[in-house]
Amino acid sequence: MRMEVAPRGALGRIARRVPAVAILVLFLAPLAFVLLGSLRPTGTPPPTTLDLVPDGASLSNYGDLFERPTFRRQTLNSLVVAAVTVPVGTLVASWAGFSIARLPRRASMVLLVLTIVAAAIPVTALFVGRLVLFRIAGVTDTPIPLIAPALIGVSPLLALLFAWGYASIPRETYDLAREFGLGPLATWWRVAMPLRIGVAAVAAAIAFLLTWGDVLHPLLFVYDERWFTLPLGMTSLAALPPTDQSLMLAAAVVATAPVILTAFIVQRFVAEGTR
Amino acid sequence: MTRRGRSVVALVLVVSVAAACDDGQDEVTRITVMVSGDPEEIEAYRAVITAFNRSQTGIDADLLPFADRDDLIVRLSTSIAGGEPPDLFLMNYRYYGQFAARDALEPVDTYLEGSEASSAGDFFGTAMTPFQWQGRQVCLPQNVSSLVVYYNADRFAEAGLPLPAEGWTWDDMVRSARALTRDDDGDGTTDVYGLGVDPEIIRLAPLIWSNGGSLVDDEAAPTRFDFDAPAVTAMQRFIDLRSLHEVTPTDEEAESEDLETRFLNDRLGMLMESRRVVPTLRTISSFGWDVAPFPGMRERVSVLHSDAYCITAGSDAKDASWRFIEFALGPDGQRITAEAGRTVPSLRSVADSDAFLEPAALPSHSEVFLDQIPRLRSVPIVSTWPEIEDVANGIIEEAYYGGGGALEVAVELTLQTRELFRRAER
Numbered sequence: 001m002r003m004e005v006a007p008r009g010a011l012g013r014i015a016r017r018v019p020a021v022a023i024l025v026l027f028l029a030p031l032a033f034v035l036l037g038s039l040r041p042t043g044t045p046p047p048t049t050l051d052l053v054p055d056g057a058s059l060s061n062y063g064d065l066f067e068r069p070t071f072r073r074q075t076l077n078s079l080v081v082a083a084v085t086v087p088v089g090t091l092v093a094s095w096a097g098f099s100i101a102r103l104p105r106r107a108s109m110v111l112l113v114l115t116i117v118a119a120a121i122p123v124t125a126l127f128v129g130r131l132v133l134f135r136i137a138g139v140t141d142t143p144i145p146l147i148a149p150a151l152i153g154v155s156p157l158l159a160l161l162f163a164w165g166y167a168s169i170p171r172e173t174y175d176l177a178r179e180f181g182l183g184p185l186a187t188w189w190r191v192a193m194p195l196r197i198g199v200a201a202v203a204a205a206i207a208f209l210l211t212w213g214d215v216l217h218p219l220l221f222v223y224d225e226r227w228f229t230l231p232l233g234m235t236s237l238a239a240l241p242p243t244d245q246s247l248m249l250a251a252a253v254v255a256t257a258p259v260i261l262t263a264f265i266v267q268r269f270v271a272e273g274t275r
Numbered sequence: 276m277t278r279r280g281r282s283v284v285a286l287v288l289v290v291s292v293a294a295a296c297d298d299g300q301d302e303v304t305r306i307t308v309m310v311s312g313d314p315e316e317i318e319a320y321r322a323v324i325t326a327f328n329r330s331q332t333g334i335d336a337d338l339l340p341f342a343d344r345d346d347l348i349v350r351l352s353t354s355i356a357g358g359e360p361p362d363l364f365l366m367n368y369r370y371y372g373q374f375a376a377r378d379a380l381e382p383v384d385t386y387l388e389g390s391e392a393s394s395a396g397d398f399f400g401t402a403m404t405p406f407q408w409q410g411r412q413v414c415l416p417q418n419v420s421s422l423v424v425y426y427n428a429d430r431f432a433e434a435g436l437p438l439p440a441e442g443w444t445w446d447d448m449v450r451s452a453r454a455l456t457r458d459d460d461g462d463g464t465t466d467v468y469g470l471g472v473d474p475e476i477i478r479l480a481p482l483i484w485s486n487g488g489s490l491v492d493d494e495a496a497p498t499r500f501d502f503d504a505p506a507v508t509a510m511q512r513f514i515d516l517r518s519l520h521e522v523t524p525t526d527e528e529a530e531s532e533d534l535e536t537r538f539l540n541d542r543l544g545m546l547m548e549s550r551r552v553v554p555t556l557r558t559i560s561s562f563g564w565d566v567a568p569f570p571g572m573r574e575r576v577s578v579l580h581s582d583a584y585c586i587t588a589g590s591d592a593k594d595a596s597w598r599f600i601e602f603a604l605g606p607d608g609q610r611i612t613a614e615a616g617r618t619v620p621s622l623r624s625v626a627d628s629d630a631f632l633e634p635a636a637l638p639s640h641s642e643v644f645l646d647q648i649p650r651l652r653s654v655p656i657v658s659t660w661p662e663i664e665d666v667a668n669g670i671i672e673e674a675y676y677g678g679g680g681a682l683e684v685a686v687e688l689t690l691q692t693r694e695l696f697r698r699a700e701r
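Each protein sequence line maps, in turn, to chains U and X.
In terms of our numbering, the first sequence has 71 at position 71, counting the first letter as 1, and numbering is strictly consecutive.
In terms of our numbering, the second sequence has 466 at position 191, counting the first letter as 1, and numbering is strictly consecutive.
Hints may be right or wrong, so weigh each one.
[As the list claims (entries may be wrong)] In silico negatives: residues of chain U with every beta carbon more than 10 Å from chain X:
1) V25
2) V84
3) W95
4) R105
5) I147
[As the list claims (entries may be wrong)] Going by beta-carbon spacing under 8 Å, a handful of chain U positions derived as facing chain X:
6) G43
7) P46
8) G138
9) T142
10) L220
11) E225
12) P242
No wet-lab data here; the hints were simulated from the structure.
The beta carbon of each residue, even a glycine, is placed where N, CA and C say it ideally should be.
Work out the full structure, taking the sequences as your base and the hints as a guide.
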């Protein structure tokens with residue numbers, strides 16, 4: 001009996017993993033090419049055929065990159081912007097989501113609709129208005145426009161994510177919190193947030209991805225080159241001559257690493273949430 | 276005085292000193308110069324700005340660089356609409372019309388007339404004219420480049436071909452391209468193509484003019500594309516490069532390895548480009564290369580590639596911006612950009628000097644660019660030209676790689692751009 005079941009189980013496991021491995025290969029292949037391409041020495045024309053391990057492969061491009069003061073500064077700027085925007089933005093989105101979930105039904109619906117409308121507005125339609133606001137506030141010569149999205153929770157989608165998470169907590173839990181004399185802020189901090197820490201982790205990860213990869217805010221609102229961030233810096237590396245493309249690929253690896261790390265950290269919360 | 280009172284006095288003193296320091300700093304006018312280009316080009320502009328800042332004390336210029344021209348245009352449009360434009364920007368004559376039409380530019384003619392450092396006659400007139408909008412000089416040209424042909428001298432010698440030279444024709448170029456196109460290993464795939472040219476209106480236009488053809492109905496006030504018989508003939512000769520002679524890479528090949536890279540890799544006999552590729556070509560060590568004029572059909576003509584500094588109407592430091600232009604386009608500034616290799620100076624004195632001609636550096640015949648200047652023509656200067664180019668390039672590319680007929684292309688170009696010409700301001 002065991003002899004019959006075991007192979008079927010093994011086959012089933014393999015069959016289940018094949019699509020996952022196929023998808024993994026599909027997504028990892030471009031990353032692998034970027035990584036291998038980043039090892040090619042600069043000053044040589046790009047290969048004309050598939051060249052998995054480049055001649056003279058080395059990590060020297062990474063050293064060259066970090067020897068460039070501009071690249072170092074842009075990487076540091078991106079880290080600083082993310083370090084401020086992600087916690088502040090996640091906090092604001094969490095509060096907004098909690099309000100949507102806990103206000104009386106009519107007010108909650110109004111906020112929900114407004115948030116969905118805000119999420120649907122193309123971000124490009126808001127640029128001129130935002131620039132006018134930054135000009136009136138007198139902050140166009142500062143890095144403040146880069147972290148300003150934190151004040152609206154980075155994206156309306158994050159507020160919706162939190163609203164969905166907090167609304168799924170049973171009403172009895174909130175009633176109990178009220179009976180214990182907890183106000184709205186204490187209920188959010190001591191009850192709702194701990195119960196939906198997974199949602200907060202996912203929202204923070206999304207906030208990081210949006211902030212880290214944001215090219216439009218530095219492109220449109222920064223007037224001082226010293227505050228350019230990594231995505232904008234990469235556009236100038238992309239304009240390097242073909243003989244120096246491996247330098248751009250090395251920068252792409254540096255820019256992608258935190259994203260992969262974030263995805264790796266947050267996948268535990270996603271997996272728990274889907275069980 | 277109580278301790279608290281002394282603290283208040285001290286605080287007032289500190290604030291007063293700080294304010295005095297601020298007043299001192301306010302005497303320095305800050306200006307922002309927006310440019311786009313590859314890193315090497317940006318470094319040349321940075322060197323100009325550094326030299327300018329060192330040359331005087333009252334103005335502090337900041338560079339705001341972008342890698343991509345489209346990025347610069349988006350940024351400029353947003354900042355003008357938002358009331359916070361840069362003081363200056365550098366832009367090609369094909370793209371500034373959209374800003375001139377919105378009265379977003381401060382004409383420079385009055386500054387030029389009152390200048391002791393510069394005069395209109397110092398610059399090549401060919402580059403000055405395209406930057407005149409409704410009779411006024413709105414921007415001042417920084418370079419006067421044009422379309423030329425770079426060639427792999429070793430490939431020409433190997434094939435026993437005469438090197439391209441002044442007076443060569445389109446037919447000469449096609450003959451050479453056919454001789455240079457080779458399938459070395461006999462696998463049915465072309466290993467070396469004779470020529471690389473982007474299928475775009477800016478490349479096609481000089482061929483049309485060289486055959487005596489017209490591009491638009493009225494050069495001064497165009498209202499539509501108007502391709503006459505010589506224009507259609509030239510267009511067909513252009514399309515034939517790929518579909519009949521097969522001397523240029525296919526669509527897929529051009530996508531997988533751009534023309535510049537293909538030339539660097541010794542897999543392209545000739546490359547039709549402007550001056551901008553020179554710094555990259557100077558990295559070539561495996562073969563010799565040089566430059567030849569654009570080969571026409573009946574007349575010798577080429578197309579202008581020129582960028583200019585423009586002052587924005589919203590700048591609150593226009594005088595300081597003009598002083599920067601005087602420096603950047605003066606002998607010192609032009610020498611710095613010329614030595615970077617990728618510009619043909621608009622200032623006659625620097626263009627004729629070793630700073631540009633660089634006898635020791637390739638290309639050996641940089642004078643080709645100067646010889647072409649008197650016979651350069653420019654594409655129409657209208658506010659919607661960037662959109663017209665986008666539409667036109669799509670149609671030309673499709674016909675070039677798909678083997679379309681020139682007459683159909685001419686009709687399609689005329690019809691699909693009619694509305695854009697109608698909306699155009701000039």
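A quick look at each hint next to the structure:
1. Every C-beta of chain X lies more than 10 Å from that of V25(U), the closest at about 22 Å, which supports listing it as non-interface.
2. Non-interface call for V84(U) relative to chain X: holds, since the shortest CB-CB distance, roughly 23 Å, exceeds 10 Å.
3. The claim that W95(U) is not at the interface with chain X holds, since no C-beta of that chain comes within 10 Å of its own (minimum 29 Å).
4. Annotated as non-interface, R105(U) keeps its C-beta farther than 10 Å from every C-beta of chain X; the closest such distance is 39 Å.
5. The claim that I147(U) lies off the interface holds: its Cβ sits roughly 19 Å from the closest Cβ of chain X, which is beyond the 10 Å cut-off.
6. Given hint, G43(U) at the interface with chain X, holds; its Cβ is 7 Å from that chain's nearest Cβ, closer than 8 Å.
7. A distance limit of 8 Å between C-beta atoms decides the matter here; for P46(U) the minimum to chain X is near 6 Å, and the interface restraint holds.
8. The beta carbon of G138(U) comes no nearer than 11 Å to any beta carbon in chain X, farther than 8 Å, and the hint placing it at the interface is violated.
9. Because the beta carbon of T142(U) sits about 13 Å from the nearest beta carbon in chain X, more than 8 Å, this interface hint is broken.
10. For the restraint placing L220(U) at the interface with chain X, the shortest Cβ-Cβ distance is roughly 5 Å, inside the 8 Å limit, so the hint holds.
11. The interface hint given for E225(U) is met, as the beta carbon of that residue sits about 6 Å from the closest beta carbon of chain X, less than 8 Å.
12. Because the closest C-beta pair between P242(U) and chain X is about 4 Å apart, less than 8 Å, the hint holds.
Violated hints, listed in ascending order, are 8 and 9; each of the other numbered hints is respected by the structure.
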